[in-house]
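S.K.: Letter by letter, the chains look like this.
Protein chains: 6
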Amino acid sequence: MLLGDCNQREAALALDGNTVALLPLGAVEVHGNHLPLLTDLYLAQGVCRLVSERVEGAVTLPGMPYGQIWSLRDKKGCLSVSDQTLSALLCEIGRSLYAQGVRRYAVVNGHVGNVNAMKATQRVLYDECDLKMYAFTYPGVGPAQRQVLTTPRPHPVYFHACEIETSYMLYLRPDRVDMAQAICQYPAFPPAMEALPTPWSAFMDTAVMGDATAATAEKGKAMIDAVVETIVRLLKEE
Amino acid sequence: MLLGDCNQREAALALDGNTVALLPLGAVEVHGNHLPLLTDLYLAQGVCRLVSERVEGAVTLPGMPYGQIWSLRDKKGCLSVSDQTLSALLCEIGRSLYAQGVRRYAVVNGHVGNVNAMKATQRVLYDECDLKMYAFTYPGVGPAQRQVLTTPRPHPVYFHACEIETSYMLYLRPDRVDMAQAICQYPAFPPAMEALPTPWSAFMDTAVMGDATAATAEKGKAMIDAVVETIVRLLKEE
Amino acid sequence: MLLGDCNQREAALALDGNTVALLPLGAVEVHGNHLPLLTDLYLAQGVCRLVSERVEGAVTLPGMPYGQIWSLRDKKGCLSVSDQTLSALLCEIGRSLYAQGVRRYAVVNGHVGNVNAMKATQRVLYDECDLKMYAFTYPGVGPAQRQVLTTPRPHPVYFHACEIETSYMLYLRPDRVDMAQAICQYPAFPPAMEALPTPWSAFMDTAVMGDATAATAEKGKAMIDAVVETIVRLLKEE
Amino acid sequence: MLLGDCNQREAALALDGNTVALLPLGAVEVHGNHLPLLTDLYLAQGVCRLVSERVEGAVTLPGMPYGQIWSLRDKKGCLSVSDQTLSALLCEIGRSLYAQGVRRYAVVNGHVGNVNAMKATQRVLYDECDLKMYAFTYPGVGPAQRQVLTTPRPHPVYFHACEIETSYMLYLRPDRVDMAQAICQYPAFPPAMEALPTPWSAFMDTAVMGDATAATAEKGKAMIDAVVETIVRLLKEE
Amino acid sequence: MLLGDCNQREAALALDGNTVALLPLGAVEVHGNHLPLLTDLYLAQGVCRLVSERVEGAVTLPGMPYGQIWSLRDKKGCLSVSDQTLSALLCEIGRSLYAQGVRRYAVVNGHVGNVNAMKATQRVLYDECDLKMYAFTYPGVGPAQRQVLTTPRPHPVYFHACEIETSYMLYLRPDRVDMAQAICQYPAFPPAMEALPTPWSAFMDTAVMGDATAATAEKGKAMIDAVVETIVRLLKEE
Amino acid sequence: MLLGDCNQREAALALDGNTVALLPLGAVEVHGNHLPLLTDLYLAQGVCRLVSERVEGAVTLPGMPYGQIWSLRDKKGCLSVSDQTLSALLCEIGRSLYAQGVRRYAVVNGHVGNVNAMKATQRVLYDECDLKMYAFTYPGVGPAQRQVLTTPRPHPVYFHACEIETSYMLYLRPDRVDMAQAICQYPAFPPAMEALPTPWSAFMDTAVMGDATAATAEKGKAMIDAVVETIVRLLKEE
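Chains as they are written, first to last, in the working numbering: chain A, 1 to 238; chain B, 1 to 238; chain C, 1 to 238; chain D, 1 to 238; chain E, 1 to 238; chain F, 1 to 238.
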C-alpha cells in the first residue's frame, strides 16, 4: 500500500499500532551514463515494494529523493543535503507517525551516504519515545554478494554504479538501465582516501567504481532477495 | 526534462547558466476521500510539466513530497515537516545548483503551508549569492478564480480540497480523483481562528473546506493555465 | 495598567489566571518623512491602550520596539531583527508569563513583517503548554477599510505609510505626524515582486506606498475602532 | 537625538561613519515596592540622554526593555530573556547599523544580568566586521561609589534596588520612585550562593538587597556623573 | 579516586547518590615562559587532588584540558573553544552522571575564561533535573590573596601567569615551573579595555600580567589551602 | 613534543606551516575489569608518541578524554558526549591551529564511536580553509589483525575490550592492564542489532566482546606498528 495514493479514510485505516511504515530513501546523484540520477531512490522503492508484499501492516510512505552525497557533490546533477537536515526530516516524519499511533518505522535506504543521518535519527527518536525505527541499507547482502559477484571489488570500502548497483537496477528497474553505456572502471584511489576528505572528482570523472558491464538481473535478484529476506525477518522478529 | 531520469552526461549538459531549475514541492496531507495524500505534489509536478514545455532551459528536479502541514498534522496520514527543516532543505538544494552554475531556481509549490519556509529560504540565499530563487504558489490565479468558480469561498483565507484544488486535479491528474467521494462542506470556523493556533480537527473531520462537487476539469484548466502563463512570463522577464 | 511602571507588589497582584497580558510589538523602520521610525510600535501601544480599557484583567507589557523589516532593511534607520530571534524573544516572554500563572498572552502587532515570527511562536508555545497566545495584526479591519478609504490601494498585498497607517497615527498619536510632509506615491512594482525577494529600494526611495495625504483622524478612528472591537470580542469569547 | 522619533530624512542624515549609536538596554524585573519594573531601562535611558548631550554624533536607539534576569525570574512581573536571544538581538541591531555605515555602537546597559550576553555579542561582531561595539554597564562608577555610599554593601558581588540603584533613579527618574516604600534589607545569603545556581527567592521575598532608604539624588548624581564622564571619555578616546 | 583509571567494577561502585564528581577544567593557553600551556588544568587537577582527600565520596573525572581563551587566542599554542561548545560538553557530562545516580557534580576550574560557560551550564542543568552542579573557580581565595601577595595587582580585574598563578603552580606542580624564566610585567592597559573586545596581543607580547618573580610555594599553599577549605566546606554544607 | 608542556616560546616555535598537530582522542568508557575507563585515550596517546618519533614537525596536543559512547552510555562511569559537541570541539581546535599557521591536523582516535564526529568535522573544515585534517582510527590495521589474532571475532562489526584492544594496551600501557581479570565473552547479539538502536546492556553486563585472555603484548605490537606505519606513510605522502 502506497500511503501517498490513499485518500483520507484509507490513510486513517492504514495507520495504527500494527503498521510498519516503510520510507524509501534515496539520493540525487550521478551513477555514470547507464543509470539515472534517481537510482538510489528507485532501488529503495523496489525493495519496499517487495518487502510490503510479505509484511503484514506494511505501508510505503512517499519516497524521499534527496540524500547526503558529499563525495560526488561537485558533479553536475548531484543535489546535496546535509546530515543535519536529512536527520531532522527523518525525525519529523517519525514523530508524525508516532503521534498517529504507529510504532514501527523502517527507513529503507538505497544510498550509503545516508547511513550516518539515519543512525543519528534513530538515537534522537530512541530517547524521545518507544517508536521502533529501523535503519536498513541492504542488510544481509554480504553472503549473497560473495556468492554471485564475478568481478573484483574496486576497494575494500567503496563501490558505486558497478556490478552491484547495476545488477540491483536490472532486477528492480530494468527500464531505467542502459547497459550499452555501462563501463568498467577501477580508479586509482589516493592513498589517504580514508583519512582525508576526498571528493571523488579528485581521481575519476565518471561516477563508476567497479565493473558495471558484469551486471545481470539474476545477480541483482539474488542479492536483493537476500536483502528483502533479511528485512522481512527482522521486522517480524522484533 | 526530468533531472532524476538523466544519466551523468545528460545532467552535465542540462545544468548551466541558462538553466531554470524547477523544484516541485508538495505535502503529505489528507484531502478528503476524493483526493490522494500526495495531491499537492501532483499539482506542483503538473504545473512544472506545463511550464517546462514553454521555458527554454527548464529542468524539473525530483519532487519533494514532504511539506509543512501544521493545521492538519493530527490527521492520520499527514506527515509534518517543520518550517526550519524544509527551509534548510530548499537552501541546500539551491546551493548545490548554484555551485554547479545554475542561476535560476524556481520552487513550484502546491501547498500553501510551505509559503513561509520558501520565503525564509529566499532570504537566506539572497544574502549568500546571486542565485535567483523564485517562489511560486499558484501565482496569478486570482482573476481566473474569480471568473470560473461557481461556489462561494468557505473563508476569506482558508480553502482546501474544494472546488479549486479538485478542479486543478481533474485537469492535471484526473486518474487520481474519485469524484464519487467528493463532498461539499462549509465548516463553522471558530471566531478566533486567525488569532489563535487552531488545528482544523477542532471544527471538522474530513479535510474538505468548500464544495468539491462543483469541480470540473475545465475550471481547473482555466486556473492552471493562468498560473502557468504567469510563471512563464515571470521567468522570461527577469 | 502598564506592567513596566508597576512596583513589585502591584506586579504580583496583576498577574494570575485572569490576566490578559498585552505585548505591543513594533518595528524600527522608515515610514517616509511624515511619520517617525517608531510608528508601528506607537500604533501597537495605542491599540493596547484602547483594548485594555475594555478588557478585564488587561495588563500591557513593555513594548518591544524591534521587529522584522527585511524589505526596507537597507534604508538608514531600519534596524532589522530576524524571524528566529524575534520568535525566540516572544516565546521566552510567553514562558515567563505562563510560569507566573498567566494563561492569556496577546501580541498586539503594528507591523506586518512580524507576522511569520508571531505564528512560529504560537506553534512553539502551543506544543509546550496551555498558554493561549493570540496574534493580532489589525484583526477585523477589512470592512472598515473598504468603507472609509478614499484612495486606491497601491497593490493587492503591499501598502506602507499611506492613507491607512497615517490615518491610524492621526487618530492614535497625532503628535507624531507631520502632515506637511505627507506624500502620495504609487510605485511601479516589478512584475516578479511576489516571486523574488525584492528590497523596496529596488523601485522606490521614500518608504511611502499609497496616498498619505488622504489620511484623516476620522478614518483612523473608524479603522482602529474596528480593530479594537475585534480584539476585545475575541479575547472575551475564547 | 532619539532615532525612534526621526523621520526618514532625519534618520538618513543621522547615520554615518561619525555616528555613535547608543542602545539603552534594560530588563523587566522587580525592584521592590519603591521602584518600577522598568527601572533598569529608565536608568540606561537616563545615562544615554546625558551622554548624548556631550558626544558629537550621538544617536539614541529605541530602548530594549527586555533583559536576562535569571535570579529573579520566578517573581511575578519578571520577564526573562535568555543570553542567546538577547545576544542575537544585539548582534542583529549591530549588523544593521554597520550595513548603514555606522562604526561605533555602544550598548548602555542598566542591568548586570545582561553583561554576558553583551560580551558574547562583542566577540561575534568583532570577528565579523570592524564595527566598534562598546559594552557599558556603569563603567568607572567604583571610586564614586566608595566616596558617596553611606551604608554597607550587602555582599561583595550582589546588590539590588538598594542605596545605589535607588540613588540613580532619584537622580535620573525621580518621578518613578516612591521613597515611602523604600526598605532596608540585608538578606542572609546561602553559603554556596556563588557556587550553585541560586534563585533569590530562596532567601528573600522583596527584591531589595541593601539599604534603599539611604538613597539620595545627590549620591545618584555623583555616581551617574562619573559613569557619564567615563563613557564620554572612552567614546572620544578610541 | 581517579575515575579514568577505574575498571568497570570500580566505576560501578564509585558512582551513586553519595558521590561528589569533581571535573578538573583547564585551558590550553600560554602563560609566559616559566609556565606550561596546561597550567590551568594542572592547577585544577591539583585542587581536585586535595579536595578529594577530604570529601567523602569524591571521584575525580578525567580532566578537560580545553577551555575558552578568547583574549589570548591569537598567541601560538592557545587552542580556543567557544562558550557554547564548552557548555554543551559540561552539560553532557553532567547528564551522564545524573543518569547514573550521581547528584553532586563540581566543576573545579583553573581558568577564569571558563566562568561564563560554567554558569550557562548550571542554569541548563538546573532546569532539567535536581543534579547539584557546583562551579568553583578558586572560591574563597580573596582574603588569603590579600594576606600573602607582596606585589601590586596589575589591574582591578585582570592578572595572568603572575605572582598568583605562579605561586599556585610552585605549590601544586613545582616540576612544571621554571622560575629562571619568570618575569615581571605591568602592561599599559588600553583605556577602553573593559568596554571594547581587546585581545591581549594589542598591548603585550608575553602573556604575563603581574610579577611572577615574586611567586613562592608558600604563598601558593596559603591561597590554595583557602580554596580547598572553601570547596570542602561548601560541598559538605549543601 | 607535547604542546601542553611547552612554554610560550616553545609553542611559538613549534607551530607553523611544517607542523603536524596530533590530537589524541579517546572516550571515558568501561572496558571490563582488566582495563581502565581511559583505555581509548591511552591508546591514542600511545600511537601519537610512536608517530611523533618518526614524523618531522609532529606536535602532540593535549589529549581529549571525552568521546561519543552511545552504546555503553548506561553503564556507570561512561560519560557521553554527543556527536555535535565533539565535532564542534574538534572544529574549534582545528580553526585555532589554522589561524596560527598550522596546515596539517591529525586526529588520532582510539575509539570507534568517534568516527562520525570526526568525519563531520573534516567536512566542515574542508569547506572553510585549506587545513588538512586527517582522521585516523587505527588505519591499516586489517592485515596485521588477520595475521596475529588467534581467537574468532565476536561479530563482523563489533568488538570491544577483547584480544585486539587488550593487546594494544599490553603493548602501549601494560601498567594499566590487569590480565588476572581478563575474560572471554561471546555475547548472543540480538538479530536486529544493526538495524535498531541497541544499547549493549540489552545483551551483556561486562563490556567485553571477544576473548581478552588471548591478548599479548606481541600481538599488540604487531598491530600498533602497522597502524603507526600507515599513519607515518600517509602523513609523509600527502
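Simulated from the structure, these hints should not be mistaken for laboratory data. Be careful, since some hints might not be right.
Identical copies look the same in the list; a pair holds intra-copy or inter-copy alike.
[To be verified] In silico lysine to any residue, SDA-like type, Cα no more than 20 Å apart, as pairs: (1) Lys221 <-> Arg104; (2) Lys119 <-> Ser82; (3) Lys236 <-> Met193; (4) Lys221 <-> Arg153; (5) Lys119 <-> Arg176; (6) Lys236 <-> Ile183; (7) Lys221 <-> Met193; (8) Lys236 <-> Thr137; (9) Lys221 <-> Tyr98; (10) Lys119 <-> Ala202; (11) Lys119 <-> Ala144; (12) Lys119 <-> Leu196; (13) Lys119 <-> Tyr186; (14) Lys236 <-> Arg49; (15) Lys236 <-> Glu56; (16) Lys119 <-> Asp205; (17) Lys119 <-> Trp70; (18) Lys236 <-> Ala192; (19) Lys119 <-> Gln84; (20) Lys236 <-> Leu72; (21) Lys119 <-> Ala12; (22) Lys221 <-> Gln145.
Predicted, not measured: the structure shown is a model, and the values here were computed from it.
S.K.: Decide, hint by hint, whether the structure agrees.
M.R.: Hints, one by one, checked against the model:
no.: 1; hint: Lys221 <-> Arg104; result: neither (26 Å within a copy, 41 Å between copies)
no.: 2; hint: Lys119 <-> Ser82; result: both (14 Å within a copy, 13 Å between copies)
no.: 3; hint: Lys236 <-> Met193; result: between (39 Å within a copy, 14 Å between copies)
no.: 4; hint: Lys221 <-> Arg153; result: within (19 Å within a copy, 30 Å between copies)
no.: 5; hint: Lys119 <-> Arg176; result: neither (30 Å within a copy, 33 Å between copies)
no.: 6; hint: Lys236 <-> Ile183; result: neither (39 Å within a copy, 34 Å between copies)
no.: 7; hint: Lys221 <-> Met193; result: neither (32 Å within a copy, 25 Å between copies)
no.: 8; hint: Lys236 <-> Thr137; result: within (17 Å within a copy, 36 Å between copies)
no.: 9; hint: Lys221 <-> Tyr98; result: neither (33 Å within a copy, 39 Å between copies)
no.: 10; hint: Lys119 <-> Ala202; result: between (28 Å within a copy, 18 Å between copies)
no.: 11; hint: Lys119 <-> Ala144; result: neither (24 Å within a copy, 30 Å between copies)
no.: 12; hint: Lys119 <-> Leu196; result: between (22 Å within a copy, 9 Å between copies)
no.: 13; hint: Lys119 <-> Tyr186; result: neither (30 Å within a copy, 25 Å between copies)
no.: 14; hint: Lys236 <-> Arg49; result: within (17 Å within a copy, 42 Å between copies)
no.: 15; hint: Lys236 <-> Glu56; result: within (9 Å within a copy, 51 Å between copies)
no.: 16; hint: Lys119 <-> Asp205; result: neither (30 Å within a copy, 23 Å between copies)
no.: 17; hint: Lys119 <-> Trp70; result: both (17 Å within a copy, 11 Å between copies)
no.: 18; hint: Lys236 <-> Ala192; result: between (42 Å within a copy, 10 Å between copies)
no.: 19; hint: Lys119 <-> Gln84; result: both (11 Å within a copy, 13 Å between copies)
no.: 20; hint: Lys236 <-> Leu72; result: neither (36 Å within a copy, 26 Å between copies)
no.: 21; hint: Lys119 <-> Ala12; result: neither (29 Å within a copy, 28 Å between copies)
no.: 22; hint: Lys221 <-> Gln145; result: within (11 Å within a copy, 34 Å between copies)
Hints 1, 5, 6, 7, 9, 11, 13, 16, 20, 21 from the list above are not met by this structure, while the remaining hints are.
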